[in-house]
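Q: Sequence lines, in order, name chains U and Z.
Residue numbers are given in the working numbering: position 280 of the first sequence equals residue 280, and the series is strictly consecutive.
Residue numbers are given in the working numbering: position 6 of the second sequence equals residue 302, and the series is strictly consecutive.
I should point out that these hints are in silico values taken from the structure, not numbers from a laboratory.
Take these hints with a grain of salt, some might be off.
[Claimed, not checked] Think about it this way: if two alpha-carbon atoms lie no more than 30 angstroms apart in a straight line, the pair counts; the simulated DSBU-like pairs of lysine-lysine are:
1. Z/Lys399 with U/Lys288
2. Z/Lys583 with U/Lys101
3. Z/Lys610 with U/Lys116
4. U/Lys283 with Z/Lys608
5. U/Lys283 with Z/Lys583
6. Z/Lys583 with U/Lys15
7. Z/Lys608 with U/Lys15
8. Z/Lys583 with U/Lys278
9. Z/Lys610 with U/Lys278
10. U/Lys101 with Z/Lys626
11. Z/Lys377 with Z/Lys399
12. Z/Lys398 with U/Lys15
13. Z/Lys398 with U/Lys252
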Amino acid sequence: MSQLKYALFTGCTAKQSTPELLSSTLAIADKLGIEITILEEASCCGASHLQDFDEFLAHVLNARNICYAEKLGMTMITICNTCQLNSAMTKHALDTDPELKARVNEKLAEVGLEYKGTSEVKHFLYALIDEYGLDSIKDKVTVPLSHLNIAPFYGCHNIRPSELHGASNSGENPYNPTSLDQLIDALEGHPVDYAHKNKCCGFHVELQANHTSEVLAGNALLDAVDNNADIMVTPCPLCHLKMDTYQDDVGKVMGRDVELPVLHMPQMVALALGCTEKEIGLKFHVQKATQLYTTA
Amino acid sequence: MFTHKYKEITIKAFRFNAETDYLPYYKTYEMKVENHELILDLLNRIKWEHDGSFSYRRSCRHGICGSCSIKVNGKPVLACKENAWDMIDLFGDELIFDPQSKKRAIKDMIIDKKDFWDKHAAIKPFVVADVDPHPEHETKMSITQVEDFLDADYCIQCGNCHYACPALQANEEFFGPAAFAAAYRFTIDPRDEAGKERLEMTAEPAQGVWDCVKCFECAEACPKDVNPIEKITKLHNMQFEKNIAQRNVATKHAEGFVRSIKKHGFLDEADIVLYSEGPFGMHKHVKTAMKMLKAGKIHFTDALPFVDNVPKSKNLDEIKKLIEISQTNKLPKL
Numbered sequence: 001m002s003q004l005k006y007a008l009f010t011g012c013t014a015k016q017s018t019p020e021l022l023s024s025t026l027a028i029a030d031k032l033g034i035e036i037t038i039l040e041e042a043s044c045c046g047a048s049h050l051q052d053f054d055e056f057l058a059h060v061l062n063a064r065n066i067c068y069a070e071k072l073g074m075t076m077i078t079i080c081n082t083c084q085l086n087s088a089m090t091k092h093a094l095d096t097d098p099e100l101k102a103r104v105n106e107k108l109a110e111v112g113l114e115y116k117g118t119s120e121v122k123h124f125l126y127a128l129i130d131e132y133g134l135d136s137i138k139d140k141v142t143v144p145l146s147h148l149n150i151a152p153f154y155g156c157h158n159i160r161p162s163e164l165h166g167a168s169n170s171g172e173n174p175y176n177p178t179s180l181d182q183l184i185d186a187l188e189g190h191p192v193d194y195a196h197k198n199k200c201c202g203f204h205v206e207l208q209a210n211h212t213s214e215v216l217a218g219n220a221l222l223d224a225v226d227n228n229a230d231i232m233v234t235p236c237p238l239c240h241l242k243m244d245t246y247q248d249d250v251g252k253v254m255g256r257d258v259e260l261p262v263l264h265m266p267q268m269v270a271l272a273l274g275c276t277e278k279e280i281g282l283k284f285h286v287q288k289a290t291q292l293y294t295t296a
Numbered sequence: 297m298f299t300h301k302y303k304e305i306t307i308k309a310f311r312f313n314a315e316t317d318y319l320p321y322y323k324t325y326e327m328k329v330e331n332h333e334l335i336l337d338l339l340n341r342i343k344w345e346h347d348g349s350f351s352y353r354r355s356c357r358h359g360i361c362g363s364c365s366i367k368v369n370g371k372p373v374l375a376c377k378e379n380a381w382d383m384i385d386l387f388g389d390e391l392i393f394d395p396q397s398k399k400r401a402i403k404d405m406i407i408d409k410k411d412f413w414d415k416h417a418a419i420k421p422f423v424v425a426d427v428d429p430h431p432e433h434e435t436k437m438s439i440t441q442v443e444d445f446l447d448a449d450y451c452i453q454c455g456n457c458h459y460a461c462p463a464l465q466a467n468e469e470f471f472g473p474a475a476f477a478a479a480y481r482f483t484i485d486p487r488d489e490a491g492k493e494r495l496e497m498t499a500e501p502a503q504g505v506w507d508c509v510k511c512f513e514c515a516e517a518c519p520k521d522v523n524p525i526e527k528i529t530k531l532h533n534m535q536f537e538k539n540i541a542q543r544n545v546a547t548k549h550a551e552g553f554v555r556s557i558k559k560h561g562f563l564d565e566a567d568i569v570l571y572s573e574g575p576f577g578m579h580k581h582v583k584t585a586m587k588m589l590k591a592g593k594i595h596f597t598d599a600l601p602f603v604d605n606v607p608k609s610k611n612l613d614e615i616k617k618l619i620e621i622s623q624t625n626k627l628p629k630l
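Here chain Z stands alone, though its shape is the one from the complex (with noise of 0.2 angstroms):
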């Protein structure tokens, strides 16, 4: 049968040049595309065999510099490792170009990553250690060890679970995945002697991990397997590990799970709030709270310290026993 060795498709490219633009625009090229072309052979094409003017940032071809990141109809992309059929197979003979980062745009795919590169740095991302300039034996590690940040160490510093990330776009003091991904591989190594103070920083509200919004859209946008989120869960765990975590209304939700766990199997949704908020932060949901009673949502009693009202899980008495025996994190006493 015969097929094509080329498919049709239409880019849309954003374009913006910060200097003479006052709004940035959409152009469109029309492309046949063969089955071995990259994302960042199609860039060089519309730069090619289009407009000359177009601008995006390239170097190494062999996913390694990270300086190709773009988006292809919303999904980060390292342009040079991203075959263009399979983005035709996921969505269609229509492809939109679009920078890491609109609103950071300096001209058409060309980001400023100066937020990324300060967030990055402020994290301390290399090893602290007192080194011997003259030593007589080898710094040894063992395998596990090696294993510990082996996937956090092939990070490029490409910018695309930074600039996907919601969090960051709604609050501009947080870290970011890159960092934390960067803070947890420098503190889990063991020659390193900075992990307390990083850990500090990530415990910190607002920058730090506990205003991730469990998106696990880091995970998704990494072209090199780093799973950001994954690490930021261990970041957590190590805070409460080193007894560096902070005691407030994140942690105590957070170890809150345990206490309701340990009662109920479920989870106490009154109760985690009031206990986490403590008595002066409560008044902030009373509002809610009215309008879920009006809704039948909760019920009054469920604020009477003597009334129990939430479900219990079958077989509770595994449930205590399971987490005696295996809970090994505590919150900090105040």
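For reference, chain U alone in the conformation it holds in the complex (with noise of 0.2 angstroms):
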């Protein structure tokens, strides 16, 4: 296999309040030899808030990130979910509306850029399992996770809507996914089948409607709980801000203590494959979940 080489759009969580994300997917791409060159150019993806104020303004800061990964000649990968979406939403609009790119371009042009449409935009998660294969990711775990009950939780984002994400994460259905499934089966792990794997979180609606959020997080942490999970595992920082970070909260609007940690998806990875404690950054979890790391 010749060398993987992406190029990282990092989002905002990753480098701010989720920096166990950004050092847990660096470590293990550097096990895994995959080359990575972080977009430091790259601007928030608008997580869909900026594109209900002005969609239009949206899309030309999406396809200006999209640019520095077509200037690279690389993929560029994503490591959350909101940021997945919204980049591959606004590739998709203007690879296929020619009257928005010419519009977007018309705007790029000013600061000396122009979106082609020549790289693929793609979720860190499928590009380990298409691209870089659960086989060679088994070769690799030092640290089998046959101890653990893992509860996988997909993330919106990552599953739907399919028709657009069909291409970049080998047509995943979004009402049986196993994707995160097949990754924590190929780490040793026990995948926890339950309900709401595929379900939303509630992190958009946060702010204004506090209710529904902790329900719909509540809903999910819950049923991963009554099936025996001993942790939950998610592609997307912003569904684990949510499940970790207000698990407090949410366990209150539920009538029941809730304790869970809930790890990113190279976090899960990192510990199978001997990373460092800090590199794993299990400290940096409002519910506690350093007790997890492990060595061989």
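Combine the two chains into a complex, taking the hints into account.
A: Given below as structure tokens:
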């Protein structure tokens, strides 16, 4: 296999409240021999909120991000479902609507850039599975996760709308997604099957519809717990923030205490590949997770 | 090579009669299914070959009346449009048939859709206009004007998106994706005169578009590619374009992204909460902030206006310039 090289769009969260996501991503890329170039020029993807305010502006900014991956001639990988969706929506809109593409490029020309549509946009989870390969990952496992029941939480923006993601998420069935389950299997963990694994965490209405947000997160957390999960794992830092940081509040709304560590997908891989405690960064979790660190 | 012309499957169907049953239950039916059969054919076969009391709605069989929607293994489908083998490919040889909403079940697959129709009607899903009964010429529309609402016009009110929407399940006041798609369809219609009223309804907290959780379940559930969440985004934008947007935590949060990106390229996670909530709303977040501080997710200095810890995008000038020349919408002033 020739060496995989990706342009990494970190998103905002990995640079601020979830530093453990960035450090564990870089650590596993290093262990697996994947070359990562961080797109330091990239801006926020708008997280669907900028899109609500000014859809055109959001397209311009997302197109600019992709331009920098195109300059490197690389696939742009994301480590946040929401970054993935918003980047992919802009890419899809521009690649299928020449008039919009021209309008966006007219703006980009003012700063010397041009969106061409030559780079793919892919979430790191699917890059690992489709391009690196589960068998190759399996070969690198030094600390099997066989002691853990792991509840995969897929997060909406990686699996819906399936028509948009089709090419970049290997046609994941949004009603019965399997990628995270397969990854857990490859790391020798035990995937937990539960109904809410493909449901919404409520993050995006945390401020304006707090009750809705807590109920949605609570439904998923309690479902995982009731199916004997030891931990939850998610490819999305926004799902992580909702489920981890707000876990106590969610418990209050649901009338039950919840204690479930919620790991980022790369952290789980990093545990199994024997990355360092610092790289995995479990101390940055609100729900205590440091006990999960073990060495071979 | 010999290939089977049929597949042997098990159907687990939700059974419930609100008049006689205390609780619902599932009944199992074994069937050989041929490759041309639709989910509606399987519903018919349960009724015709197994149990005449099995109940479901059906009418046109041509994907236009919107009455035969159910859920197959959790996936909302229009039964007369969905090939059974496609579902077997997706979910294997055990298909689970559920009504669109278990809590609204009346008998087996039949649900009470009153909540759907009430919300749909409340949004005024028709062209509101003073029509001249004796017009001298037709009202002409450009192709672009028609294309603006054409895909939304394909809605057949099947309710798939409505009953797939988690925001509605947590908050009964919420209009839901079907009503919003209709609101968009008629508000964008050049003949219509009730746009302001509809946009005001969709701007209200709790019932309006700002409570949408962005899960894309509606886009996935729609059998006619209406893409309701795309229309919801358009309604959000139209509220600003028409200066109807309220100034509240949700709209400030949306607009706050521009403010943040202009300054840093990235979102300032602490500032966006401060800015959206305003000084009087911050007490709600103190406890969470303390927990995040303890875990090292945020830092004491983040809250200080004169300390800037936020990472900056390289070539920030480009971002500022692009915002300057591309921004079209504004947040209404106080």
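Q: Hey, Z/Lys610 versus U/Lys278, does the alpha-carbon distance stay inside 30 angstroms?
A: holds, 27 angstroms
Q: Between Z/Lys583 and U/Lys101, is the straight-line Cα distance small enough, at 30 angstroms or below?
A: violated, 45 angstroms
Q: Given the hinted pair Z/Lys398 and U/Lys252, is their Cα-Cα distance within 30 angstroms?
A: Measuring from Cα to Cα gives roughly 26 angstroms; hence the hint holds.
Q: Under the criterion that the straight-line Cα-Cα distance not exceed 30 angstroms, is the pair Z/Lys398, U/Lys15 satisfied?
A: This hinted pair is violated, its Cα atoms lying about 43 angstroms apart.
Q: Is Z/Lys399 close enough to U/Lys288, meaning Cα to Cα at most 30 angstroms?
A: The given pair, whose Cα atoms are some 37 angstroms apart, is violated under the 30 angstroms limit.
Q: With a cut-off of 30 angstroms on the C-alpha distance, tell me whether Z/Lys608 and U/Lys15 pass.
A: Holds: Z/Lys608 and U/Lys15 sit about 10 angstroms apart, inside 30 angstroms.
Q: Next pair to validate is U/Lys283 with Z/Lys608; report whether the Cα-Cα distance is within 30 angstroms.
A: Roughly 25 angstroms separates the two Cα atoms, so the pair holds.
Q: Do the alpha carbons of Z/Lys583 and U/Lys15 lie within 30 angstroms of each other, as the hint requires?
A: holds, 22 angstroms
Q: Please work out if U/Lys283 and Z/Lys583 have their alpha carbons no farther apart than 30 angstroms.
A: holds, 19 angstroms
Q: Quickly compare the C-alpha distance for U/Lys101 and Z/Lys626 to 30 angstroms and report which way the hint goes.
A: Status holds; Cα separation ~23 angstroms.
Q: Would the pair Z/Lys377 and Z/Lys399 pass a check requiring their Cα atoms to be no farther apart than 30 angstroms?
A: holds, 25 angstroms
Q: Run the distance test for Z/Lys583 versus U/Lys278: straight-line Cα separation, threshold 30 angstroms.
A: Given pair Z/Lys583, U/Lys278 holds - Cα atoms ~26 angstroms apart, limit 30 angstroms.
Comparing the model with each earlier hint shows violations of hints 1, 2 and 12; every other hint is respected.
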